[in-house]
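Number of protein chains: 2
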Amino acid sequence: MTRWVYGFSEVETAESFCDGNWESVRGLLGGKGANLGDMTRIGVPVPPGFTITTAACNAYIETDGTFPPDMLDQVSAALEQIEATSHKRFGDATNPLLVSCRSGAKFSMPGMMDTVLNIGINDTVVTGLIALTDDPHFVYDSYRRLVQMFGSVVLGVRDEPFEAVLAKYRHDRDVAEDSDLTADDLRAITAEFKQIVERFSGRPFPDDPFDQLRLAIEAVFRSWDGKRARDYRNAANIPHNLGTAVNIQAMVFGNMGSDSATGVAMSRNATSGEPGLEGDYLTNAQGEDVVAGIRVTKPMSQLAVEMPALYHQYESIALALERHYRDMQDMEFTIERGTLWILQTRNGKRTAQAAVKIAVDLADEGLISRNEAVQRISPEQVEFFLHPSFTPASKQAAFDGGHHLTTALNVSPGAAVGVVAFDADLAAEWAAAGRTVVMVRPETKPDDVHGMLAAEGILTTRGGRTSHAALVARQFGKPAVVGANELDVDLSERIMTVGNAVISEGDWISIDGTTGEVFAGQLETRTPDLENPALKVLLNWADAVRDIGVWANADHPADAELARSYGAEGIGLVRTEHMFFDTDRLPIVQRMIMATSPTERTEALGQLLPFQRRDFVGLFRAMDGLPVTIRLIDPPLHEFLPSHDDITADLADLKIQLLSARNLAEVDQLLTRVEAAEHLLHEVEALREANPMLGLRGVRLGLMMPALTRMQVRAIFEAAIEVQRTGVVVHPKIMIPLVAHVNELARQRESLEEEAAAVMTEAGIDINYEFGTMIEIPRAALTTGQIAAFAEFISFGTNDLTQMTYGISRDDAEKAFLVKYLEEGILDRNPFASIDETGVGRLMRISVEEGRAARPGLEAGICGEHGGDPESIAFCRTIGLDYVSCSPPRVPIARLAAAQAALDNVIPSDLSEMAVPV
Amino acid sequence: MTRWVYGFSEVETAESFCDGNWESVRGLLGGKGANLGDMTRIGVPVPPGFTITTAACNAYIETDGTFPPDMLDQVSAALEQIEATSHKRFGDATNPLLVSCRSGAKFSMPGMMDTVLNIGINDTVVTGLIALTDDPHFVYDSYRRLVQMFGSVVLGVRDEPFEAVLAKYRHDRDVAEDSDLTADDLRAITAEFKQIVERFSGRPFPDDPFDQLRLAIEAVFRSWDGKRARDYRNAANIPHNLGTAVNIQAMVFGNMGSDSATGVAMSRNATSGEPGLEGDYLTNAQGEDVVAGIRVTKPMSQLAVEMPALYHQYESIALALERHYRDMQDMEFTIERGTLWILQTRNGKRTAQAAVKIAVDLADEGLISRNEAVQRISPEQVEFFLHPSFTPASKQAAFDGGHHLTTALNVSPGAAVGVVAFDADLAAEWAAAGRTVVMVRPETKPDDVHGMLAAEGILTTRGGRTSHAALVARQFGKPAVVGANELDVDLSERIMTVGNAVISEGDWISIDGTTGEVFAGQLETRTPDLENPALKVLLNWADAVRDIGVWANADHPADAELARSYGAEGIGLVRTEHMFFDTDRLPIVQRMIMATSPTERTEALGQLLPFQRRDFVGLFRAMDGLPVTIRLIDPPLHEFLPSHDDITADLADLKIQLLSARNLAEVDQLLTRVEAAEHLLHEVEALREANPMLGLRGVRLGLMMPALTRMQVRAIFEAAIEVQRTGVVVHPKIMIPLVAHVNELARQRESLEEEAAAVMTEAGIDINYEFGTMIEIPRAALTTGQIAAFAEFISFGTNDLTQMTYGISRDDAEKAFLVKYLEEGILDRNPFASIDETGVGRLMRISVEEGRAARPGLEAGICGEHGGDPESIAFCRTIGLDYVSCSPPRVPIARLAAAQAALDNVIPSDLSEMAVPV
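As they're listed, the protein sequences go chains B and F. Each step along the first sequence adds one to the number in my numbering, with nothing skipped, and position 37 is 37. Each step along the second sequence adds one to the number in my numbering, with nothing skipped, and position 136 is 136.
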């Protein structure tokens, strides 16, 4: 007979069923159930209860809604165990046991699964409870909550009718809060609630406590397969076949008077990572009140004043749990008439900043190793440090200008600027249309997640640090401010008011999730700041373990300085042509391209030389002592000329003007312009290509127009000499792009070495330089064994290599079919985001192996966008690349990802030690 | 001491020096020298002589013009041998030996190298010669020839001054030919020639016979390194480091009276291949007169009348030489006072038709094996059978209209139509500008080769079958007519006249190299005829030995029939989209593309279905019993719409018309057209791609627009069922293009199999079909191991595969850099002509190996243009492809090339047996 049910005290039985594998226990009992069992085992005060397994859920779903045989019998038996422990009886009129029914999947999915509290009350039990507690207000409050939750969660009745009844009573009694209603009111409300349930669900509220329990369990099972849960799992990459467990637990009550309370607290600050309990609670309330954000919660510091002994008990439990789970904990608690109960613990969600701070602190405290700290941080979390913040100046101006609307809870850091959308659908729609949106809601629900994901930032007027909005925003890295109760949102008028300020839907606002400030209008954001001390420590630990270099792609001296400050160990790619697009240079470049004689071309190149040299001087200075890899001109020349379409349009326009010219002088002048446009059109047509990506660019251009690349090499060497004379150590690496055949490289290199030698001879100074090539054409990868004879280094241009290996023109394809391929699962990942290891990766492996066979020690790197992608970095490491080169802001991410790749591969034993129960 | 000189009778010494390797002997002594030695050995009457080795030439060139030490001593010793044999002495006044000095490289290079005859005459020797021969006319004729040849060939004096002197004497004496001048005239001319030599070369004609000889040898050496020789070698793919040998041979004289003659004859007809001596001769002349085409020669049949005994002696020598060399021979002969001497023999150049006929005849005669016959014919020669000929109707019309200008020697078959260019530079210039040119010259010289190569055909007014023009034209497959002495070419007036007809430079003419006819104007040419009986025999022999299939690419039933008649064993590629371009279909296709609703699209597809079905019915009928591989739609959809440029131009035009509209009705009508154009532009812009080759096409289109490929599959199966019902055996193979990832194929195939099954179920008939894919994206080649799970066959699309592997957009590249790459030797071959084995070929090899590892017996073919290229066919065979598929006209070429590849690889012993001395 399958065992479907495990008591919290039977966690060892479950563990032995799972062969001691805690991951399997979590799979079987869900994260919450496993932890409740685990906490029971280590002596944390947990109300007694039991867990129905995820296997039961899966069986229920597979049979389209039938409980597995014997499950209900096992539930009854487990219930008897609780009765025995608590000395109460489920459904008993004199000493009744009430239970909660909560979902608990392997991975935490906040708000996605449904909870029913107070199961076991009916009209008979009520009488017994009143006799027992002498607190009819509490009892009827519990009863009406049961009916309401059961109605909405189990039977699918909407909240509005319930809320309307409560509102009516509050109005009639002229009170602000439901808790101010009388016991009689609550009894009457309960009765009205029952009518609502029957009217809207078509079935009466079940009186039998066992019926209540059975239906609640079914509701939890069903909710696993609901749309909201599926959407969340899709977004969070959680498999759909795990199932959820159900936890049935004896109720404890935070709403039994002023010596009762309920709350949620983290063992450390989830936003900053600072040590110390951080959370919210409410006295005389049930847990849902805290999470739902309906009442304004009190901070945990208040509990230390109100109930100091319990606060300290809680503090020591939190420390014990942290030590046990070796991570920051997120705990739910209830105080029932002076007794503290822990209802749940789990690893706490946290901001990226907190994650880094906590990991570093835990390592410093000796709870985890430094390598574990490195592995605790995801590259995406480091990315959050790159989120923009508002410039102090713009913030000051906003304050001075009276644009500051309010300051509320700073639950997810970062600055967001967008137009206000008051619902999730509109937010998603506007975002899809390319608008940047801040989603504003009184509070958020799981139904809103698509809008939250589409928005730049989230603002709610209710809720606390642990509200749905706060949790989701943190998880997906969206800046968020919650609990901004000064703001009055009118959803029917689609406006939001505070004081005299009125913000309409579509107006711009700016929110600062780091400070909690909200502003009208668009504030200026500033460049990322990676100076966070904990992050610096963590990245240094990462550097200690990683075994692949991290370089940066930088075209300008400022980029290079930034990259170096982020930890770049060299420049892996300077795109020289980017320098050509500056407004003062482009006309010269165009003159060079359209030159009708070698003299004219030489002249234009002569004008470009000082510009290029100046850029290189700056780059060399910034990278003093480190290598600077300079790629010679790569794009087709037509990119420097106006587009064919534009010229054609101009011409058509000029001809229309000609028709309405008023005199000969005007005709003459227009004709001159027509001729100029026609000349330009002719040039552009001569350079026009059906598939420019595969056309005249890169080394091909260097071979067809040798003076151009020779000018570039001259600029490089003149700059190197100039800088070296000032004591800076220069190490230029000249990279020749788009080589398909070894002869292209051999010829081009020969010509360029000649130029280099000439410059060095003129100056009488030797420069430590190298020549190398991009590997970005499949044939180059297949013939690196030949190419290596003429290349001291190679660097994979995986953007182009992917385009050619996959036969996909990236820009065209993403619009035309790539997105649909990913949606429909034809491709499981975008090959432009992570290296396609099977195809492109195989070519890279061939290239490195054969290149090094021909030239031992051949330096190999990557400078495509993949160089900043963690998965690709791990792959690059396995094929033995010397370094990855990425955009400067991704350098810290790459440092971490590289370290994690090394740890994944090199220290698996360390990893298995880390598999703690969380 | 190195041996630089070998007597003709010492051929065995040379052979043993070369370890018995006759190829090395030819390398050492040159083709002519080796053959003279070989002929001497087998008893052919060859004037005595010796050969200075190619090694001496190379040593001379390497030292910038110094004879290797001891060479001249060895020459003197060899000369003494000749003196001993001939009982004459070099430079002797009483019984002088005269010698010729001829070049002879390993490979025959007609006209490229220089020859000097009659070496050894000076004023003293003349006296002795006259005493000896009693023929002062002959003696002074010989003397003036020596001075003239020595002057022009050795000392670089131009021909014109010599010719001017001769012309003056002919005028003064009122005679037509030089031979009609008196001995005194010739003596006077000789004296004037010596003055010319001294004036123009700055040095006197050397009196010392040894000086003459030494300088002549140097001239031959130098000429190897001359521009003409280099150009020829570049065109004919002959290495530059072979060097030329020099042959010194006792003179025999064809100009010693009417019992003397000289000529050149082939052992079989070089144009038709028919047996029997075929050539030209002149009585009382020296050899150069025949080759130069200055005098009108007599056919060999005339010799049978004039000197029957000698003719028969010559005939039997020709037969013996054929038997010895196992090939048709091209022999130079001289008859000196009734004695026949063979001066040279070599394998005769021949037309493609003759080559085939001779190879088949030689095999039938038992001189060579059938496999050797197959190997004797180059694929290019089979290609000549494809040269167009004039339609009988157009020829008749030309005769009737009086456009027939003349009929002369048909020396290189095929019909050519072009505008007349009277010199090689102009011919090359016009051809480069895209005009088709017939080059017309009095005679051609080596300097003219670039023009001949550029021209469609060649016409000369002088020369015979063995003239320079005839040889070069045959070698490069240019239709040619020579010796058209009825035509009068006036180079200064740039006109050509015959009778009343005047053809100016730039006028159209048509020449028939198969018949020798010349016409004014443009005649119509007809499709190729491969019905040549000898070719059919040869190709059947080829089929017997080849081990790779030859299929054809055919889009229309007529193509399929043609391909089958040429021997195709299947259709390897039907490009279904070609059917879309028919004028009655294109509007439907456009409607389908621009459909705004699925209904509209379905409707358009429904209209296309019967068209596609009808095409397939025709193809299946034509290929009864053979496989038909149908590729589903491949190109991007914008190819079926008007071009962006055209629409933009239309729009601009319409807007200008709007400005000058005369009334509102016109405005209204124009606006409607503007709107239509704007709508079209919008559609085209939506489909526009930066790099369409790598964009939305092939299987991507099939996945994005499934109804389209499903319609195609429906058409295929409906057609197959219709045809199978009539008893025809159908075997459709459905080919899905542009697969990069196995999932694309899996999805598309699933959808298409569904459609196929539906059609077969509807009809209640099963069709023997297969699904497969193109391998044309590098990633597909790298993942064929996965792809093979969903493909019963693969077919390499090497055009696209080369484009992507090489990163070259073919059409763009050939203009932009590929031609220059080839010119400058950056690439040694065009990867679109022959498969790049190192890169593309490696991917193909990986693909086949891994595909077959995953699916044993996976059928693999090629349907790119390379499928018709002999080198690529050989490569395809080595990687184990099952078949090559090429355009129908290339099927015979592929059959031959495939057989040769099999012989090259499989029967190397047979090959070595074949290495006969030629």
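Some clues are possibly wrong.
All copies of an identical chain are treated as equivalent in the list; a pair is satisfied when it fits inside any one copy or across any two copies.
[Stated by the list, open to error] Straight-line distance between alpha carbons at most 20 Å, and here's what the computed EDC-like set of lysine to aspartate or glutamate pairs gives: (1) K820 - E750; (2) K820 - E689; (3) K820 - D653; (4) K298 - E824; (5) K655 - D645; (6) K168 - D19; (7) K168 - D135.
I should point out that these hints are in silico values taken from the structure, not numbers from a laboratory. Please read all numbers here as calculations on a predicted model, not as lab measurements.
For K655 vs D645, is the C-alpha pair at or below 20 Å within one copy, between two copies, both, or neither? both (15 Å within a copy, 17 Å between copies)
Checking an output row: K168 and D19, CA cutoff 20 Å. Within, between, both or neither? This pair counts as neither: shortest intra-copy Cα distance 57 Å, inter-copy 118 Å.
At most 20 Å between alpha carbons: which applies to K168 and D135, within, between, both or neither? neither (24 Å within a copy, 147 Å between copies)
K820 and E689: within-copy, between-copy, both or neither at 20 Å Cα: This pair counts as between: shortest inter-copy Cα distance 17 Å, intra-copy 28 Å.
Pop the pair K820 and E750 into one bin, within, between, both or neither, using alpha-carbon distances up to 20 Å. Between copies only: 18 Å across, 47 Å inside.
What label fits K820 with D653 when the C-alpha limit is 20 Å: within, between, both, or neither? Answer is neither; intra-copy 39 Å and inter-copy 39 Å both fail.
Given identical chains, is K298 near E824, meaning Cα to Cα at most 20 Å, within a copy, between copies, both, or neither? Result: close neither inside a copy nor across copies, 46 Å intra and 82 Å inter.
Of the numbered hints listed earlier, those contradicted by the structure are 3, 4, 6, 7.
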